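In the order they appear, the protein sequences are chains U, R and G. Be aware that the first sequence starts at 0, since it is given in numbering that gives the first Met the number 0, and climbs by one per residue. Be aware that the second sequence starts at 0, since it is given in numbering that gives the first Met the number 0, and climbs by one per residue. Be aware that the third sequence starts at 0, since it is given in numbering that gives the first Met the number 0, and climbs by one per residue.
Everything labelled a hint here was simulated from the structure, so no lab data went into it. Keep in mind the model is a prediction, meaning the values are calculated, not measured. All C-beta atoms, glycine included, are put in the ideal place defined by N, C-alpha and C. Hints may be right or wrong, so weigh each one.
Said to hold, decoys possible - Dumping the calculated BS3-like pairs for lysine-lysine here, alpha-carbon to alpha-carbon at most 25 angstroms:
| # | chain 1 | residue 1 | chain 2 | residue 2 |
| --- | --- | --- | --- | --- |
| 1 | G | K34 | U | K169 |
| 2 | U | K390 | G | K34 |
| 3 | R | K63 | G | K35 |
| 4 | R | K145 | U | K390 |
| 5 | U | K386 | U | K429 |
| 6 | G | K2 | U | K69 |
| 7 | U | K390 | R | K99 |
| 8 | R | K104 | G | K35 |
| 9 | U | K169 | R | K99 |
| 10 | R | K145 | G | K35 |
| 11 | U | K390 | R | K104 |
| 12 | U | K69 | R | K63 |
| 13 | R | K118 | G | K2 |
| 14 | G | K34 | U | K80 |
What the hints assert, rightly or not - Pair by pair, the computed Cβ-Cβ distance ranges are:
| # | chain 1 | residue 1 | chain 2 | residue 2 | range |
| --- | --- | --- | --- | --- | --- |
| 15 | R | K118 | U | D336 | 50 to 58 angstroms |
| 16 | R | D103 | U | S41 | 41 to 49 angstroms |
| 17 | U | D336 | R | I111 | 17 to 25 angstroms |
| 18 | R | D103 | U | L330 | 25 to 33 angstroms |
| 19 | U | L330 | R | K118 | 30 to 38 angstroms |
| 20 | U | L167 | R | L154 | 25 to 33 angstroms |
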Amino acid sequence: MQLISKSHIVKNNKTVANVNTALAAAACALLGTSPIVQADESVWEMDTALLYYGETDRVTAVEGVFSAKKDFGDEHIFSGKIVVDSLTRASASGAVVQLNAQTYTRPSGKGQYVIDVGDIPLDDTFHDTRVQLEAQWTQPLWNDMRGSTGVHLSKEYDYLSIAVNGSLTKDFNQKNTTVSAGLSLAFDTIDPEGGRPVAFSEMVIDEGQFANEEAYQAAFDATRQKDTDDKTTVDLMFGVTQIINRRMLMQFNYGYSMSDGYHTDPFKVLSVVNDKGLTQSLVHEDRPTERTRHSFYWQTKYALDSGVADISYRYATDDWDINSHTIDSRLRFNLSDNTYIQPHFRYYQQGAAEFYQPFLIKGITLLTFASSDYRLGEMTAYTLGIKYGVKMASGNEWAFRLEYYQQDPKNADFEAPGMLQQLDLYPSVKAVIAQVSYSF
Amino acid sequence: MANNLRHFLLSMLLTLISITPLSLSFAQEIAAPDFAISHDQLPNKLSDLNGQVVYLDFWASWCKPCRKSFPWMNQMQLKYAEKELQIIAINLDAEATLAKAFLDKVPALVPIVYDPKGKIANIYQLLGMPSSYLIDKKGNVRFADKGFFTRTQPLYEQELALLLNE
Amino acid sequence: MFKKARITVVIMLFTQLVGCANLGVQSWERDLLAKKEMTLDAEGIDLGLDDHIYFSKEATSGGRAFAGEGCGCN
């Protein structure tokens, strides 16, 4: 049995407020920035989902999720999740488009691929399966306080990530205000096939200039670093959740993230072009070994008579000079007691990283770090989606989601030399997302 | 910086409050606030029930643990009926229709009093849902419980038995 | 330097909200807030899947939850 804190008595003069007796732990816990808020006692709640993500001509991914949650009594809640995803097809290598056919070496060193005239260079060997496991435990601690801790593991062919997290949450004002603080530590190891490339080393392309296979291999190996590398990330999160009135609640989060280690993408290259815009060589990219990020997040949920309106805004900034704004909104309309429809709109805008270069100009650009990964460049993106949910008589729920995601990379003030002026260096990326979920 | 000082003081105050030993005597006498009851099988006000042990339960259809409390209350009412126990379930739904839908699924053998505007809840300053108050034969509140858990049921019954045997 | 000042101001604004003791409802007025779809982790699966997609395709991650999720996706 938990004794009641006297904080409410301090404010209350009424006689009954002085009822000084032992109280059981709170029943209807409604708030919390901790991962788990509530679960039915002694029943496993399970959620499954299958998602398809497909870009036109580029990456396609299929992702399956299985998640289970149970309250073991008195709000001691366990939650576990397994995710398996599989990516295929082509992703942009970072090289710039040209008016002649180009030959590239695959990142492993084994084999080449040719890109046609005017096509964006995509390396289609990219094929990877990833497994992710998560477990989280939440329970009340003393006096209106909750604690949560968990582990997270993600493994793919060349990448391993292990993280642990812990957070504390406290309620004030009869659970109208909840404050939380969390910490997460992640340790990643990367071991790509073919080894990590040496920064700014030239891609070795066999066009018949090597005497034999060993000569080619020696030249290729010279551009490789033999050992694996890693990255450590420390995350801090502070959040406040506040009930505004009977229909509305808000959440504010501040996040701080510091990562140290290997941030470079070992598969991405930059084109070195001459003043006529013709590619002279391809060099491997290099990113800083440290990144500090801040994020500010605000979310509001409003209960309509037949539905929920949910809107959030996030501002993020970091020391790579990437600033971004995100607006995400969902509007749920209950069509009946058992069905609902939920349109979704998201808008995203980011500025380019300070070392982002769509290409390098031979002899002119001299940099410490450079990457032409368009995901670090200037862009706007929007998502339009719709979700339909239906609850069966058994209490189990089906949901279907269909979304369209478009990214529009922009030119962050780079003057394109020669023939590059006639080409579309910043093509849009268009993707369709389809998902089926089942909860039981 | 006035802001920093205020926050420091606030957190110190909260820390002090939360670590203050809460040694409480269960025999402390606080009179249960009176209120009017509108129910054909019950007297006009709470104080008219003096001489009986009264168990006040505040519930609502949207409150999940309330679903478990009703079977227990039904059981207690039957078990201790001749021992002068009166259980009153006070409903706080804004609309009575929701409460009635709940009662169709979860039958109640105890009398239901409707308080849609939360007037009685306000007098008692509930801290959570559900909340229950055990009032002894003299009309004093002796136990207050917030929430309802199946594993604390024996304890709730012990409290009842204690007051009934006084 | 302006960035640091801006960040400090926003953090202080956030901490001020802990003093919002006047906002809120009584525990018996939580009928609408108690609905499953009003909890902050409603649709947690969707949010997790979306976070993963946007983390892989954009430069920003986190905000709602921890930023360093950890995968070799970008």
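Violated constraints from the hint list, given by number and in increasing order = Violated: hints 4, 6, 9, 13, 15, 16.
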